[in-house]
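Asks: Chains P and Y supply the protein sequences, listed in that same order.
Position one of the first sequence corresponds to residue 1 (this note's numbering), numbered consecutively onward.
Position one of the second sequence corresponds to residue 1 (this note's numbering), numbered consecutively onward.
There may be inaccurate statements among the hints.
Calculated cross-link-like contacts (lysine-lysine; reagent style DSSO-like; alpha-carbon spacing at most 27 Å) [stated by the list, open to error]:
1) Y:25 / P:94
2) Y:62 / P:5
3) Y:77 / Y:105
4) P:142 / Y:144
5) Y:25 / P:142
6) Y:62 / P:200
7) P:144 / Y:142
8) Y:5 / Y:45
9) P:142 / Y:142
10) Y:105 / P:200
11) Y:105 / P:144
12) P:200 / Y:21
13) P:62 / Y:105
14) P:94 / Y:142
15) P:144 / Y:144
16) P:105 / P:142
17) P:25 / Y:200
18) P:21 / Y:5
19) Y:62 / Y:25
20) P:62 / Y:5
Partial list, computed: chain Y residues near chain P (C-beta under 10 Å) [claimed, not checked]:
21) 63
22) 139
23) 173
24) 197
Just so you know, these hints were derived from the structure itself, not from any lab.
C-beta atoms are modelled at their ideal positions from N, C-alpha and C, and glycine is treated no differently.
2 protein chains.
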Amino acid sequence: MRIPKHIGIIPDGNRRWALGKGMEKEAGYDNGISPGMVLYHLCRKLGINEMTFYGFTVDNTKRPSIQREAFSKACVKAVEELSKEDAELLVLGKTTSAMFPEELKPYTNRHQFGNGGMKINFLVNYSWEWDLGLQDGAIGPKLKTADVSRIDLVIRWGGRRRLSGFLPVQSVYSDMYVIDDYWPDFTPQHVYDAIEWYSKQDVTLGG
Amino acid sequence: MRIPKHIGIIPDGNRRWALGKGMEKEAGYDNGISPGMVLYHLCRKLGINEMTFYGFTVDNTKRPSIQREAFSKACVKAVEELSKEDAELLVLGKTTSAMFPEELKPYTNRHQFGNGGMKINFLVNYSWEWDLGLQDGAIGPKLKTADVSRIDLVIRWGGRRRLSGFLPVQSVYSDMYVIDDYWPDFTPQHVYDAIEWYSKQDVTLGG
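Please model the complete structure; the sequences and the hints are all you need to start from.
Replies: See below:
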């Protein structure tokens, strides 16, 4: 089976999951950490070289502060968990903003943890406008995410069929696989299905 | 029903359609012109303000010359057909290349034809790298497609679930609807289904 080198993860549906369980919306995020760790171990086993997690965006921070605090805290916890594993970890996002968690600043340069071996990019307070260097209608001169490679496969949980501002340049040729289940209901079978589907797609890179 | 303001059209599957009919691959393109005209009239009727057609890309021009000539000719015909209708027409792409059809150069500034009323953007010899002004690893300072607005809904024929380099910036928040049928097998029902699906999606623009 053809295995993607780099997968992008859009872990959507945390709030809808919580509502469905009769919980407050913000309770969903804490239930998204453990799926991420299971996914990390699964991807290592499958031999995937690089993963990018869509943590939260600048747009997301406009939500009610109780939600903002919950998803921010969940991202901090997730990055700290990942730093206990074998990984080359990099957190990317707009650090010059109060919305960027102080605890994650040490991770904004890529460091090897444990025996390294898998690149993990974690987008935190990310924005595609920031990424492109967009200012007063001008772009450039360099992608802020230049260290993130082309993404082969984007897997999105929660049923929406869109990128929602996720790494527009690295995703230009990505195949997109959408899972209707919400992210906290993650199961390894989701990933097996996504990769089996991906392995049947032709790769033309626009050709 | 909520109608998208701007739809992107990825009319894929022309070659696979031709093969399925026992024809040579390049014969598919000529059968893609009439679907485009039916689609144009349908979108006018539905009150859609702007449409962007993915004609061909710089990557596509690396295909065998018999195919290249066929899709280039089909794009010229399509633009000429559209110029007989009511439309504000603009052809966008890398004109500084022998691959850009001479006949389309007059269309690279937006002109009103007939009574205007609908913006039509036609991508010809387009490339996302060109669009972003990518050169020697630097981007900017301005999108070459700055005159093309944000796309609400991308409809892709031919089953592939990806953007294939289509307008990465305008598509950051687009909902994506994929039709398994090949583009020459276009029917209006495809569009009705896409718009009905779109009208049920929440629009958050990343929020």
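Asks: If a hint holds in the structure, say so; if it does not, say that too.
Replies: Quick rundown of the hints versus the structure:
Restraint check for residue 25 of chain Y and residue 94 of chain P: not satisfied, since their Cα atoms lie roughly 47 Å apart, outside the 27 Å limit. With a CA separation close to 25 Å, the supplied pair residue 62 of chain Y and residue 5 of chain P stays within the 27 Å bound. At roughly 13 Å between alpha-carbon atoms, residue 77 of chain Y and residue 105 of chain Y fall within 27 Å of each other, so this suggested pair holds. Under the criterion of a C-alpha separation no larger than 27 Å, the hint pairing residue 142 of chain P with residue 144 of chain Y is consistent with the structure, at around 16 Å.
For the hint linking residue 25 of chain Y to residue 142 of chain P, the alpha-carbon distance of about 39 Å lies beyond 27 Å, and the restraint is violated. Pair hint residue 62 of chain Y plus residue 200 of chain P holds up; C-alpha atoms about 23 Å apart against a cutoff of 27 Å. For the hint linking residue 144 of chain P to residue 142 of chain Y, the alpha-carbon distance of about 16 Å falls within 27 Å, and the restraint holds. Pair hint residue 5 of chain Y plus residue 45 of chain Y holds up; C-alpha atoms about 13 Å apart against a cutoff of 27 Å.
Distance hint between residue 142 of chain P and residue 142 of chain Y is fulfilled; the C-alpha atoms sit about 13 Å from each other, no more than 27 Å. For the suggested pair residue 105 of chain Y and residue 200 of chain P, the alpha carbons sit about 39 Å apart, so the restraint of at most 27 Å is broken. Restraint check for residue 105 of chain Y and residue 144 of chain P: not satisfied, since their Cα atoms lie roughly 35 Å apart, outside the 27 Å limit. The suggested pairing of residue 200 of chain P with residue 21 of chain Y holds, with an alpha-carbon distance near 23 Å, which does not exceed 27 Å.
Among the hinted pairs, residue 62 of chain P with residue 105 of chain Y is inconsistent with the structure: their alpha-carbon atoms are about 44 Å apart, more than 27 Å. Proposed proximity of residue 94 of chain P and residue 142 of chain Y is supported: the alpha carbons are some 21 Å apart, at most 27 Å. Proposed proximity of residue 144 of chain P and residue 144 of chain Y is supported: the alpha carbons are some 20 Å apart, at most 27 Å. In summary, the hint linking residue 105 of chain P to residue 142 of chain P is supported, as the alpha carbons are separated by about 21 Å, within the 27 Å threshold.
Distance check on the hinted pair: residue 25 of chain P and residue 200 of chain Y sit about 21 Å apart at the alpha-carbon level, within 27 Å; holds. Pair hint residue 21 of chain P plus residue 5 of chain Y does not hold up; C-alpha atoms about 36 Å apart against a cutoff of 27 Å. Taking the CA atoms of residue 62 of chain Y and residue 25 of chain Y, the gap is near 15 Å; set against the 27 Å cutoff, the hint holds. Taken as a hint, the residue 62 of chain P and residue 5 of chain Y pair is honoured in the structure, with Cα atoms around 25 Å apart against an allowance of 27 Å.
For residue 63 of chain Y, the suggested interface contact is upheld, since its CB lies about 7 Å from the closest CB of chain P, less than 10 Å. Hint status for residue 139 of chain Y relative to chain P: holds, with the closest Cβ pair at about 4 Å, below 10 Å. Interface hint at residue 173 of chain Y: satisfied, since its Cβ lies 6 Å from the closest Cβ of chain P, which is below the 10 Å cut-off. Below 10 Å, beta-carbon pairs count as interface contacts, and residue 197 of chain Y has one with chain P at about 9 Å; its hint therefore holds.
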